[in-house]
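Engineer: Construct the complete structure from the given sequences, taking the supplied hints into account.
The residues making up each chain are set out below.
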Amino acid sequence: MLQIKDLRVSIDGKEILKGINLSVKTGEVHAIMGPNGSGKSTLASALAGQDYIQITSGKMFYEGKDLTELSPEDRAREGIFLGFQYPVEIPGVSMVNFLRTSINSIRKYRNQEPMSAGDFLKLMREKKNIVEIDSDLTNRSVNEGFSGGEKKKNEIFQMALLEPRLAILDETDSGLDIDALRIVSKGVNKLRSPENATIIITHYQRLLEYIIPDVVHVLYKGRIVKSGDKSLAKELEEHGYDWIKQEVDANA
Amino acid sequence: MTDQEKILSDVTGSDYKFGFQTVIDTDTIPKGLSEEVIRIISTKKEEPEWLTELRLKSYRHWQTMKMPKWAHLRIPEINYQDIIYYAAPRRSAKYTSMDEVDPELLDTFNKLGIPLEEQKQLAGVAVDAVMDSISVKTTFQETLADKGIIFCSFSEAVKNHPDLVKKYMGSVVPYTDNYFATLNTAVFSDGSFCYIPKGVRCPMELSTYFRINTANTGQFERTLIVAEDDAYVSYLEGCTAPMRDENQLHAAIVEIVAMENAEVKYSTVQNWYPGDKNGKGGVYNFVTKRGMCKGDNSKISWTQVETGSAITWKYPSCILRGNNSIGEFYSVAVTNNYQQADTGTKMTHIGKNTRSTVISKGISAGRSENSYRGLVKVLKGATGARNYSQCDSLLLGDKCGAHTFPYLEVDNSSAIVEHEATTSKIGEDQIFYCNQRGIDTENAISLIVNGYAKEVLNKLPMEFAVEAQKLLAITLEGSVG
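Going line by line, the protein sequences match chains U and E. To get my numbering, take the position in the first sequence, counting from 1, and add 327. To get my numbering, take the position in the second sequence, counting from 1, and add 174.
Some hints here could point you the wrong way.
Incomplete in silico selection of chain U near chain E, CB under 8 Å [claimed, not checked]: (1) Ser368; (2) Pro399; (3) Ala403; (4) Arg404; (5) Ile417; (6) Pro418; (7) Gly419; (8) Phe425; (9) Thr428; (10) Ser432; (11) Tyr436; (12) Asn466; (13) Ser468.
No farther apart than 30 Å at their CA atoms in a straight line, the calculated lysine-lysine pairs in the DSS-like style are these [stated by the list, open to error]: (14) Lys628(E) with Lys435(U); (15) Lys449(U) with Lys644(E); (16) Lys340(E) with Lys231(E); (17) Lys449(U) with Lys628(E); (18) Lys599(E) with Lys478(U); (19) Lys573(E) with Lys628(E); (20) Lys599(E) with Lys341(U); (21) Lys644(E) with Lys451(E); (22) Lys517(U) with Lys548(U); (23) Lys478(U) with Lys628(E); (24) Lys341(E) with Lys231(E); (25) Lys554(E) with Lys439(E); (26) Lys455(U) with Lys628(E); (27) Lys435(U) with Lys644(E); (28) Lys548(U) with Lys332(U).
Honestly, the hints are just simulated from the structure, not real lab data. Ideal Cβ positions, reconstructed from N, Cα and C, are used throughout, including at glycine.
Structural biologist: As structure tokens, this is what we get:
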């Protein structure tokens, strides 16, 4: 589903990603871990198409399409979803209006009829249950006045509604208390299917106790320095990142 | 230019869609302004002596006045001798049925989406359509007359209800009021008159649609609305003009009188031709709008969506004379390209426990200048007066300007006056968030701007709100950076 080949990315002339190789197959859940500043969020931004990202070399293929040739909105319409680390507030724009515009933009791209207001509200009600979101949250403006936890739940709620093929969750667990973490994880697990794939970006192993990844990668200084199964996450939790840092720095 | 800037400039560069001109036989008088011209206008309209005298008095006074310079606007010299002060569709004299109205004229109003034809009237909006100087057709007159409501052109009102006109005309905006109001009083050609008798709730929205058609004409209409005790009316005003390279002057007056327990809602969607992308042409919109809450517990509410005009100079105001009276001002003013707007309100608290609310949302794009100017004045006797003002500015791009000029004059220590102001830019992160949900930049801007202006748009009657939302999107097409 996703192939990243020797991807190099700079921001403001500074190289952040120094040759990433990653392959994600349909049905898989990948976790990308790593210390702060290793380039995890930059990778997410590159996949979603943030315009401050400069791709200096390498390729990203999604379903055989070269991602760099697609605008951010077309990537979304093709089924890529980014759960933001810091979801922005859009005052005055209701969640209902926002998501209906979103879903109908996506449907239009796929040559589908726009969804009627009635069907849409039904769909919203259905999906709200998945993340145990308060019903009035959806009547409020996009993320406005939401607590940290509510914002993250709201991201998962949107993911549930839009049913992406590839979801990238950028530090979705940061700032969540244990209950919210459980709810968010449950939501992600429910949405897991053989047809889609998920990339979970996280600093802590905590989330991976709830969402069991197929592959764990460690990103350090702009490179994937180690990949393994879920036991790698466990190891990181016990020993921290220092042993990996030492290993890498010794070889450098 | 980044992609975003490009999209922005594409969108802001979209064309004005009401820019057509109707080819119609028009009765115009020669250019220029003089006592003779004023007499001709007055004669053409078969006006009584007192009105001719009022016009002449105003004209003489106007000659002693200077154009106001205090606004944050660059206004080119206006040659008042180069303007045609009277233009009327030729056959307009008197219509007894729709069949007599020039089909070209009906076609114009149809293009503008004005429900002038009988079947469309079922939509429930009574319309007074003013083309250039003349009121073309007032619909629904009979239905309204059953309730004792008078809704007609100003000229008809002068003929049929001279006492009412004489009593109220100039009672809120006196002929000496300001440069443009004085000019209007001298040369005004037509407009709308509306009278709601005691205890009557007007069963439908009343609306006036203004259209400048003929080249080189100025439009100087007057609207007078009187709501007697316990009366209610909601009034809508819309305006468009053809695209022309030269500037056109629009100097109107709106006067509202609300007696005890009466309520008047006045909503405007102003979409005069704003000029082209380079700032050529466009309407100068210099308008005096003022309402008097004369009776106790009366209420006047102004809602405006200003997207058009090259230059806007306009301060819909409320004089809160009655005790417990309420004044409201809700405004969205959008400027793009080289448009300039200096707009706001004046709330004058005279009666006890008077309350006013001011919500102003400025949106600037392109190289435009957008100013909010507002005065809250609490007089000595206005014990318990309360004002809340909120002025927000939203900037799209970095070549436009947003300014706020609040004036507070409080002479009563029990008054509570609050003023809040914010300035923000549409964040690239907000747009990206929308992009990531499949929404393109153009729609993202429209979504964000409409969200920003929602508090005001919500105050508009339903059909107007939809129109206003579309207008905002069109006006701002292509304008974020």
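Engineer: Does each hint hold? Answer for all of them.
Structural biologist: These are the hints, each one checked on the structure:
Restraint check, Ser368(U) versus chain E: the minimum CB separation of about 13 Å is more than 8 Å; hint violated. Look at Pro399(U): its Cβ gets to within about 4 Å of chain E, closer than 8 Å, so that hint holds up. Evaluation of the Ala403(U) hint against chain E yields a held restraint, the C-beta minimum of about 4 Å falling below 8 Å. Against a cut-off of 8 Å between C-beta atoms, the interface hint on Arg404(U) holds, since the closest Cβ of chain E lies about 5 Å away.
At a threshold of 8 Å, the smallest CB-CB gap from Ile417(U) to chain E is about 6 Å, leaving the interface hint in force. The criterion of a C-beta within 8 Å of any C-beta in chain E is met by Pro418(U), whose closest approach is roughly 6 Å, and the hint holds. Because the smallest distance between the Cβ of Gly419(U) and any Cβ of chain E comes to about 3 Å, under 8 Å, the interface hint for this residue holds. Against a cut-off of 8 Å between C-beta atoms, the interface hint on Phe425(U) holds, since the closest Cβ of chain E lies about 7 Å away.
Interface restraint check for Thr428(U): the shortest CB-CB distance to chain E comes to about 6 Å, inside 8 Å, so the restraint holds. The criterion of a C-beta within 8 Å of any C-beta in chain E is met by Ser432(U), whose closest approach is roughly 4 Å, and the hint holds. Given hint, Tyr436(U) at the interface with chain E, holds; its Cβ is 7 Å from that chain's nearest Cβ, closer than 8 Å. Contact between Asn466(U) and chain E, as hinted, is not supported at the beta carbon level, the nearest pair being about 13 Å apart and thus beyond 8 Å.
At its closest, the beta carbon of Ser468(U) sits 7 Å from a beta carbon of chain E; the interface hint therefore holds under the 8 Å criterion. The suggested pairing of Lys628(E) with Lys435(U) holds, with an alpha-carbon distance near 26 Å, which does not exceed 30 Å. For the proposed pair Lys449(U) and Lys644(E), the alpha carbon gap of about 27 Å is at most 30 Å, so the pair holds. Distance restraint check for Lys340(E) and Lys231(E): the Cα-Cα separation of roughly 15 Å lies within the 30 Å cut-off, and the hinted pair is therefore satisfied.
Distance restraint check for Lys449(U) and Lys628(E): the Cα-Cα separation of roughly 25 Å lies within the 30 Å cut-off, and the hinted pair is therefore satisfied. Of the pairs offered as hints, the one joining Lys599(E) and Lys478(U) holds, with about 22 Å between alpha carbons and a cut-off of 30 Å not exceeded. With a C-alpha separation of about 25 Å, the suggested pairing of Lys573(E) with Lys628(E) holds against the 30 Å cut-off. Note on Lys599(E) and Lys341(U): the hinted pairing holds, with a Cα-Cα distance of about 27 Å set against a maximum of 30 Å.
Pair hint Lys644(E) plus Lys451(E) holds up; C-alpha atoms about 19 Å apart against a cutoff of 30 Å. Using a Cα cut-off of 30 Å, the hinted pair Lys517(U) and Lys548(U) is violated, with the two alpha carbons roughly 33 Å apart. Between Lys478(U) and Lys628(E) the CA atoms are separated by roughly 22 Å; this keeps the pair inside 30 Å, and the hint holds. Annotation: proposed proximity of Lys341(E) to Lys231(E) holds, straight-line Cα distance about 17 Å (limit 30 Å).
At most 30 Å may separate the alpha-carbon atoms for a hinted pair to count; Lys554(E) and Lys439(E) meet this at roughly 28 Å. The straight-line distance between the Cα atoms of Lys455(U) and Lys628(E) is roughly 25 Å, inside the 30 Å bound, and the hint therefore holds. Among the hinted pairs, Lys435(U) with Lys644(E) is consistent with the structure: their alpha-carbon atoms are about 20 Å apart, no more than 30 Å. With a C-alpha separation of about 17 Å, the suggested pair Lys548(U) and Lys332(U) falls inside the 30 Å cut-off, and the hint holds.
Against the hints set out earlier in the document, violations occur for numbers 1, 12 and 22.
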